[in-house]
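*Asks:* These are the residues of each chain, in order.
2 protein chains.
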Amino acid sequence: MRRFIASAFALLVLLPLLLAQQAADLVITNGTVVTMNNQRDVIEGGVVVIRGAKLVAVGPASLAAQFTAKKTIDARAGIVMPGMINTHTHAAMTIFRSLGDDVADRLKRFMFPLEAKFVDRQVVYWGTLHGALEMVEGGVTTFVDMYYFEDEVARAAKQIGMRGVLGETILNFPAPDSKEPYGGFALAQKFVADFRGDPLITPAFAPHAPYTLDAAHLKLIADETAKFDVPVLMHVAEMTDEVDTLRKERNQTPIEFLDSVGLLNRRLVAAHCIFVNDSDIALMKARDIGVAHNIVANIKSAKGVAPALKMHEQGMRVGLGTDGPMSGNTLDIIGQLGYVAKLHKLVNHDRTLAPSIEVVEMATRGGARALHMEDKLGSLEAGKLADVIIIDADATNLIPNYDVYATLVYGASAKDVRTTIINGKVIMEDRKVLTLDAAEVKAHMRAMAKSIAERVGPVPK
Amino acid sequence: MRRFIASAFALLVLLPLLLAQQAADLVITNGTVVTMNNQRDVIEGGVVVIRGAKLVAVGPASLAAQFTAKKTIDARAGIVMPGMINTHTHAAMTIFRSLGDDVADRLKRFMFPLEAKFVDRQVVYWGTLHGALEMVEGGVTTFVDMYYFEDEVARAAKQIGMRGVLGETILNFPAPDSKEPYGGFALAQKFVADFRGDPLITPAFAPHAPYTLDAAHLKLIADETAKFDVPVLMHVAEMTDEVDTLRKERNQTPIEFLDSVGLLNRRLVAAHCIFVNDSDIALMKARDIGVAHNIVANIKSAKGVAPALKMHEQGMRVGLGTDGPMSGNTLDIIGQLGYVAKLHKLVNHDRTLAPSIEVVEMATRGGARALHMEDKLGSLEAGKLADVIIIDADATNLIPNYDVYATLVYGASAKDVRTTIINGKVIMEDRKVLTLDAAEVKAHMRAMAKSIAERVGPVPK
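First to last, the sequence lines map onto chains R and Z.
Reading the first sequence from the start, the letters are residues 1 to 461 in our numbering.
Reading the second sequence from the start, the letters are residues 1 to 461 in our numbering.
Derived by calculation from the structure, the hints in this document are not laboratory data.
Treat each hint with caution, since some may be false.
As the list claims (entries may be wrong) - With a straight-line Cα cutoff of 30 Å, these simulated DSSO-like cross-link-like pairs (lysine-lysine) come out: (1) K310(R) x K461(Z); (2) K70(R) x K54(R); (3) K432(Z) x K442(R); (4) K248(R) x K219(R); (5) K108(Z) x K248(Z); (6) K117(R) x K179(R); (7) K432(R) x K442(Z); (8) K432(R) x K432(Z); (9) K108(Z) x K310(R); (10) K310(R) x K303(Z); (11) K310(Z) x K108(R); (12) K310(Z) x K303(R); (13) K303(Z) x K303(R); (14) K461(R) x K310(Z); (15) K219(R) x K179(R); (16) K158(R) x K432(R).
Please read all numbers here as calculations on a predicted model, not as lab measurements.
Construct the complete structure from the given sequences, taking the supplied hints into account.
*Replies:* What follows is the structure, encoded as structure tokens:
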């Protein structure tokens, strides 16, 4: 009888709680939750709740009791944060990684000929899968890609489950996927038509650069992308040649040139922007463009340090990018953080600049803003898409952790990411990628690279 | 009968081979052996043979049949190479990692007071163990350390089994291990007496910097270290203040000043050397000093890029260092490689400079040369000490591998090191450190850091 009373009492107490509990698909508990919300809240012992593709709640430990979840992940005191956004890459170029890294004038003398010779559908598909694998392993949840056969990039991204803003490349000479100059324009139209509305893929146009398309075609692209409101991905103000030629031929900066052809607008994600002056920056800000800052690739090629910190400080939309793995070699954003923090200190002769919290912001919120997707991505807040990563608290290099932003920027490596969740789906858990056979992807990459190594010939001096 | 004949025949064939086989302790097979010998041989499917503390053979796959080994490690096509040498650090400062990273004028305003308040024997011992754990995990086999209670540093190094060139710090104000200014001098004498001849530890004097000791004491140290032929570790030409004051007071550069007090000689390992001119470099070369190049720490503090590439190109003894984990945050040398390659390209506006093979050389042979230990360390050659690491060939970021030096410099991370062997002993195998309880070390570090966090007060602006 006493047992019955106790049980009835327990039921009376627990029933309202049970009835009040909401259903969830995934609950992450016991995290150091770096929300990157407007208040930059960091919640110790925090909880993140996911239903479907979205975050439904982010808060303290007590939150967990309000939800019944199909799956729970214990973050074991690890850092739980928004997935990183890689705002500029060419993921398929993994196939050429470590080839001719220290060659002078490399783009024209080595890379374009290499691509003409070897890039086909298979290379793009498997190369992107390999690159996406590396990104997921390194905590990147969204990537912005410009390449050829971009439908194969989309196929690979969907297969692993990554979010992508993907642009079919257009330029004024024959490309691996089109024999005619500017053949990419029609391919881009088809690509956009095929992938518009996809939950993971945002299709885009990718005019290669101001120096590889004429003004007429750039205007055509401006009109077409305005009509369908699709993003435009482009290399901008990256080369001294580009700047010099536009100055001579049009007496314009690359930024002024793009404005004159109608491309400088909120659809544009401009990669690099190394050679821009204060007047350019003011114009870029006024037109509300996004900027992809690729520090590692830019200094490896000795081009320079883009004034990206100044742009960020002025409230512009600045995200971080790796560039392709032939330029920056690795595809994770964590590997960029330390470079961003240190290079802007160095060139400005001030160690207090680019503090770690601002660098983490660029990697997350900044990337989302560069894509004009900050309503959906870039922070852990109820209502946003569930792109979440968990970073190991037990890595020797991350102990002690007095300041979580400093720990991320100056101490962390891509290999410290344990778990990657994209669009509510667990893509990697405890470093095992669940959505594809990683060994198969690597074996394919090795076989393709072996074949290329046999045919590539000597690297130019 | 036929069976007997077959057996006898087999014995006749195999016996001479068996008799000819030499005993070994450890054989590593199936590696991409990056020897860093004079010819820079890279041996595919190569073998490394270890007996006692030394390498007895390095060569092709066929070599394995000549040895019977107590233990064999299959490198599984991974990169087998000389252990990396960290030529400048303060390993115990792991205890302060991620504290006040972006503070202005940090050394005097924040670090010295912090050390005065918190550094004791326990902190140095456990902090060094934690740092050594991180170094072993990242493929560092020798570290050069300057700190207080340096006997505790030596104790920790011997416990994990790392090779160390360790210097007791001497300076002109009270230090954590001595109430009197210059108290470190007597401590250094005792430290050297206690550890001379140790198989792993080379004890040294560590006068802190030209700006923290007077000329008389520097001369005393020069005489004492000459008498016993022990290394001298020192911060040199790191600060603009240091340069300005010496110019004003003595009309000398830091290098000229050190020469005038007798310290500029082959026993000196000079850390940083950022502010040196061509005449200084010529003098440094003539005096045959070693240089520790700490690129990450130097640019994080916005000090500048030392002309270390120029020194290296002139045949000087230049190794790489991480500096302490409050300055550079991580303690592995692999994390320095990409920075070295890229920063020297950037500041010299030439992407062909600092090619990856030269950067790997600095990390290995260069470090050995900076310590005047190139007869024993820095390459995989019979007769040298067996400090060897194996890097995973299966890491996504290391595939493909067209050029092993580029793969190491632009692609690898500390976490790609699988196995670390020091002085012939396997210290880490397949990422498990065998010589200490890593979980215990991390737990101690967390507890000490928690206590410090509660007492440290606000970080200065």
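*Asks:* Next step is simple, just say for each hint if it's right about the structure.
*Replies:* Verification of the supplied hints:
Between K310(R) and K461(Z), the direct Cα distance comes to roughly 21 Å. Compliance with the 30 Å bound is thereby established for this hinted pair. Simply put, K70(R) and K54(R) have alpha-carbon atoms about 15 Å apart, close enough for the 30 Å limit, and the pair holds. Restraint check for K432(Z) and K442(R): satisfied, since their Cα atoms lie roughly 24 Å apart, inside the 30 Å limit. This hinted pair checks out: K248(R) and K219(R) have alpha carbons roughly 21 Å apart, not beyond 30 Å.
With a C-alpha separation of about 21 Å, the suggested pairing of K108(Z) with K248(Z) holds against the 30 Å cut-off. For the given pair, K117(R) sits about 13 Å from K179(R) by alpha-carbon distance, which is consistent with the 30 Å threshold. Taken as a hint, the K432(R) and K442(Z) pair is honoured in the structure, with Cα atoms around 24 Å apart against an allowance of 30 Å. For the suggested pair K432(R) and K432(Z), the alpha carbons sit about 19 Å apart, so the restraint of at most 30 Å is met.
Among the hinted pairs, K108(Z) with K310(R) is consistent with the structure: their alpha-carbon atoms are about 29 Å apart, no more than 30 Å. A distance of roughly 20 Å separates the Cα atoms of K310(R) and K303(Z); the hinted pair therefore holds under the 30 Å criterion. Our distance criterion of 30 Å between C-alpha atoms is met by K310(Z) and K108(R), whose separation comes to about 29 Å. Restraint check for K310(Z) and K303(R): the C-alpha separation of about 20 Å stays at or below 30 Å, so the hint holds.
Taking the CA atoms of K303(Z) and K303(R), the gap is near 21 Å; set against the 30 Å cutoff, the hint holds. For the suggested pair K461(R) and K310(Z), the alpha carbons sit about 21 Å apart, so the restraint of at most 30 Å is met. Taking the CA atoms of K219(R) and K179(R), the gap is near 22 Å; set against the 30 Å cutoff, the hint holds. Restraint check for K158(R) and K432(R): satisfied, since their Cα atoms lie roughly 18 Å apart, inside the 30 Å limit.
The structure fails none of the hints (numbered hints given earlier).
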